[in-house]
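The chain contents come next:
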Amino acid sequence: MAGNFWTSTQHLHWQFSKPGLAEIRRKLEQEDRALVQQYPLPDRRLLSIYFYHQIGKLGKRLTIRQQALATAQVYIRRFYTKVEIRRTNPYLVLVTALYLACKMEECPQHIRLVVAEARNIWPDFISSDTSKLGECEFFLISEMRSQLIIHQPYRTLLTLHSSFSMTQDEINLAWSVINDHYLTDLPLLYPPHVIAVAAIFLAVVLKPAQASLHGSNGSAAAPTSIAQAMTGTPNRYAQQFPATNTQQIGSSGAAPQNKVQYLVNWLAESDVDMEAVIDCTQEIISLYEVWEQYNDKVCKEQITRFVKARGLDK
Amino acid sequence: MSPQTYASKVRVQDRYKVVGFISSGTYGRVYKAVSRHGDTREFAIKKFKPDKEGEIIQYTGISQSACREMALCSELSHPNVIHLVEIMLEEKCIFMVFEYAEHDLLQIIHHHTQPSRRAIPAQMIKSILFQLLNGLLYLHTNWVLHRDLKPANIMVTGEGVVKIGDLGLARLFYKPLNSLYNGDKVVVTIWYRAPELLLGSRHYTPAVDLWAVGCIFAELLALRPIFKGEEAKMDSKKTVPFQRNQMQKIVDILGAPTKEKWPGLVSQPEYHSMQALAATMHSRGSKPPGLEGWYNQTIKNAGYHSSSSPGHEGFALLSALLEYDPSKRLTAREALQHPYFTSDMSRISMNCFEGTRMDYPHRRVSQDDNDIRTASLPGTKRSGLPDDSLISQPAKRLKEG
Numbered sequence: 001m002a003g004n005f006w007t008s009t010q011h012l013h014w015q016f017s018k019p020g021l022a023e024i025r026r027k028l029e030q031e032d033r034a035l036v037q038q039y040p041l042p043d044r045r046l047l048s049i050y051f052y053h054q055i056g057k058l059g060k061r062l063t064i065r066q067q068a069l070a071t072a073q074v075y076i077r078r079f080y081t082k083v084e085i086r087r088t089n090p091y092l093v094l095v096t097a098l099y100l101a102c103k104m105e106e107c108p109q110h111i112r113l114v115v116a117e118a119r120n121i122w123p124d125f126i127s128s129d130t131s132k133l134g135e136c137e138f139f140l141i142s143e144m145r146s147q148l149i150i151h152q153p154y155r156t157l158l159t160l161h162s163s164f165s166m167t168q169d170e171i172n173l174a175w176s177v178i179n180d181h182y183l184t185d186l187p188l189l190y191p192p193h194v195i196a197v198a199a200i201f202l203a204v205v206l207k208p209a210q211a212s213l214h215g216s217n218g219s220a221a222a223p224t225s226i227a228q229a230m231t232g233t234p235n236r237y238a239q240q241f242p243a244t245n246t247q248q249i250g251s252s253g254a255a256p257q258n259k260v261q262y263l264v265n266w267l268a269e270s271d272v273d274m275e276a277v278i279d280c281t282q283e284i285i286s287l288y289e290v291w292e293q294y295n296d297k298v299c300k301e302q303i304t305r306f307v308k309a310r311g312l313d314k
Numbered sequence: 001m002s003p004q005t006y007a008s009k010v011r012v013q014d015r016y017k018v019v020g021f022i023s024s025g026t027y028g029r030v031y032k033a034v035s036r037h038g039d040t041r042e043f044a045i046k047k048f049k050p051d052k053e054g055e056i057i058q059y060t061g062i063s064q065s066a067c068r069e070m071a072l073c074s075e076l077s078h079p080n081v082i083h084l085v086e087i088m089l090e091e092k093c094i095f096m097v098f099e100y101a102e103h104d105l106l107q108i109i110h111h112h113t114q115p116s117r118r119a120i121p122a123q124m125i126k127s128i129l130f131q132l133l134n135g136l137l138y139l140h141t142n143w144v145l146h147r148d149l150k151p152a153n154i155m156v157t158g159e160g161v162v163k164i165g166d167l168g169l170a171r172l173f174y175k176p177l178n179s180l181y182n183g184d185k186v187v188v189t190i191w192y193r194a195p196e197l198l199l200g201s202r203h204y205t206p207a208v209d210l211w212a213v214g215c216i217f218a219e220l221l222a223l224r225p226i227f228k229g230e231e232a233k234m235d236s237k238k239t240v241p242f243q244r245n246q247m248q249k250i251v252d253i254l255g256a257p258t259k260e261k262w263p264g265l266v267s268q269p270e271y272h273s274m275q276a277l278a279a280t281m282h283s284r285g286s287k288p289p290g291l292e293g294w295y296n297q298t299i300k301n302a303g304y305h306s307s308s309s310p311g312h313e314g315f316a317l318l319s320a321l322l323e324y325d326p327s328k329r330l331t332a333r334e335a336l337q338h339p340y341f342t343s344d345m346s347r348i349s350m351n352c353f354e355g356t357r358m359d360y361p362h363r364r365v366s367q368d369d370n371d372i373r374t375a376s377l378p379g380t381k382r383s384g385l386p387d388d389s390l391i392s393q394p395a396k397r398l399k400e401g
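Same order as they appear, the protein sequences are chains A and B. With full-length UniProt numbering, the residue at position 168 of the first sequence is 168, and numbering never jumps. With full-length UniProt numbering, the residue at position 283 of the second sequence is 283, and numbering never jumps.
Keep in mind the hints are simulated off the structure, nothing from the lab. Hints may contain errors.
In silico lysine to aspartate or glutamate, EDC-like type, Cα no more than 20 Å apart, as pairs [as the list claims (entries may be wrong)]:
hint	chain 1	residue 1	chain 2	residue 2
1	B	K92	A	D129
2	B	K9	A	E84
3	A	K82	A	D124
4	B	K92	A	D32
5	A	K82	A	D129
6	A	K132	B	E90
7	B	K49	B	E86
8	B	K9	A	D271
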């Protein structure tokens with residue numbers, strides 16, 4: 001339920017093991033093998049970056065808060081565990097997910113306004129007929145079995161940051177890491193508090209160069225620095241604490257050494273699944289590595305190919 | 001068919017047999033149904049009204065209140081909260097399938113007034129309140145505000161189990177993106193509306209639901225609403241008017257709130273309207289009986305024997321629920337620990353009918369409209385439940401018989 005993650009539908013129905021998730025996707029692709037072979041797509045994370053950029057454009061036009069964008073991204077990810085992407089018009093799915101997320105996050109937008117703005121951005125892919133969006137909403141809700149309440153790591157971050165006396169920069173950095181985790185499968189793999197702890201861990205302990213990370217749209221638009229700072233670090237993170245600690249000297253915030261020590265002790269004493277936290281940090285870091293290969297144009301072309309060839313924009 | 005055309009995988013008609021029509025409201029219609037696949041339970045299927053453009057039903061986007069109800073009901077699971085069996089989206093319509101409850105508090109109260117007034121047994125009231133608060137504690141623990149508690153929304157099964165129903169106005173209250181006030185300007189049927197809402201409070205809390213529980217408690221004792229005010233309509237500019245008449249009804253019994261007892265009173269948006277109302281009362285020299293006076297008279301009229309009366313503990317609980325200051329009003333947890341319940345905990349049954357020999361009539365199920373697929377036939381409008389889109393309309397009261 002909403003107050004208890006462990007009895008929520010998110011935990012009961014929408015958390016998978018990595019092999020479990022891979023199997024679901026393998027089966028889905030197998031059902032449409034010809035289609036999948038005919039229309040290759042980039043790495044899922046690259047596609048997620050593309051989707052995020054697209055949905056961000058619409059979010060900006062409608063001035064939608066990050067939390068609703070995050071919920072929309074989870075809806076999209078859930079939906080595509082049920083439906084083969086090449087059977088859909090991803091632009092319509094994106095717009096619909098955002099429209100629905102806004103209602104669930106208590107910042108509703110009128111359907112006509114959403115469609116009008118979406119048409120300004122993707123005139124070739126979004127019909128002016130609002131009933132298309134309404135129909136897609138049925139599709140989305142039905143595939144998600146009306147399980148629309150999303151527990152997000154932001155709340156955990158807001159609860160915990162004072163216990164670790166995080167500086168504003170560290171909070172911002174952890175916030176950006178949480179924004180970025182929606183580009184990976186992590187929302188389908190781990191509980192939000194584990195992700196929040198991983199984000200805090202990355203922000204406080206590893207503390208990469210903070211340049212440009214919390215830029216205009218709050219996401220890691222230029223992730224190179226974080227990737228460089230983090231590459232290779234998390235694997236045997238425990239042994240690296242001394243080194244990390246020395247790097248902290250002179251950084252902002254009160255008594256950074258104590259802060260790191262406190263966090264390490266807290267993690268050791270807490271019930272938080274450390275293996276899961278480590279895996280989350282690794283997934284985030286490899287996201288930043290993959291990001292290097294991101295090419296907006298390739299994603300766009302490959303999506304356009306199957307949407308146009310199959311008339312999914314009609 | 002293009003690959004993106006939505007088609008339901010399961011069909012309502014294939015899984016359920018509609019046996020009758022229960023009620024209609026602003027949201028749509030409710031039908032009674034049985035399973036076609038050997039499930040022996042009965043069901044209530046709530047069909048949300050589809051939007052029409054002319055005669056053609058169109059997808060126009062699902063209302064926010066339907067989205068909330070679908071999402072919240074999918075998460076909730078508690079014996080005192082109505083159980084959602086499944087949701088089906090088919091033919092541009094939403095069907096929410098709930099467990100069936102034979103009775104509701106409105107119907108039970110009504111039965112006790114016909115043909116003559118007979119008080120509801122004190123043990124039954126205690127059981128109803130205990131179960132109601134139990135369900136409410138579950139909702140509040142899970143950050144859900146119900147916002148529309150009233151007798152018509154409290155279901156009771158044939159086995160005497162109380163179920164909080166109709167979460168059409170419910171919503172989560174942690175860290176809202178917009179203040180709760182922005183979303184829907186007016187909530188809660190006016191007779192059950194808490195004073196802080198009447199005074200225009202923007203930061204309301206679970207305490208609004210506890211006020212409504214107090215009103216329901218009083219209604220179970222008196223068999224009529226305790227504060228039966230008339231709703232002031234929204235004007236053409238859609239500004240929310242001060243609900244003077246409703247506030248007057250409360251003040252007539254409780255007396256005017258004071259800033260000594262309710263320090264937050266002075267910061268309520270309608271504080272000055274409240275002062276004016278209190279001044280008028282004062283100049284007329286009218287002296288409210290106080291809740292204790294009302295309670296004693298009500299208990300006397302009900303004719304409870306001293307051995308089975310809700311007694312002084314009942315009054316203590318009622319006055320702690322009908323507390324002006326929302327920060328002093330009992331929480332659901334505190335109410336459950338009140339001496340009214342704890343002094344004879346062993347006697348509280350989870351079957352509110354236990355020990356009573358009343359035979360409550362079954363829910364009326366009409367046969368006028370058994371076709372769940374057609375939405376055009378007229379039905380008897382039973383209770384107009386407020387929807388986000390219809391908040392300006394006064395709540396309609398059940399008209400039976």
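- Okay, which hints does this one fail, numbers in order? Numbers 3, 4, 5, 8, in rising order.
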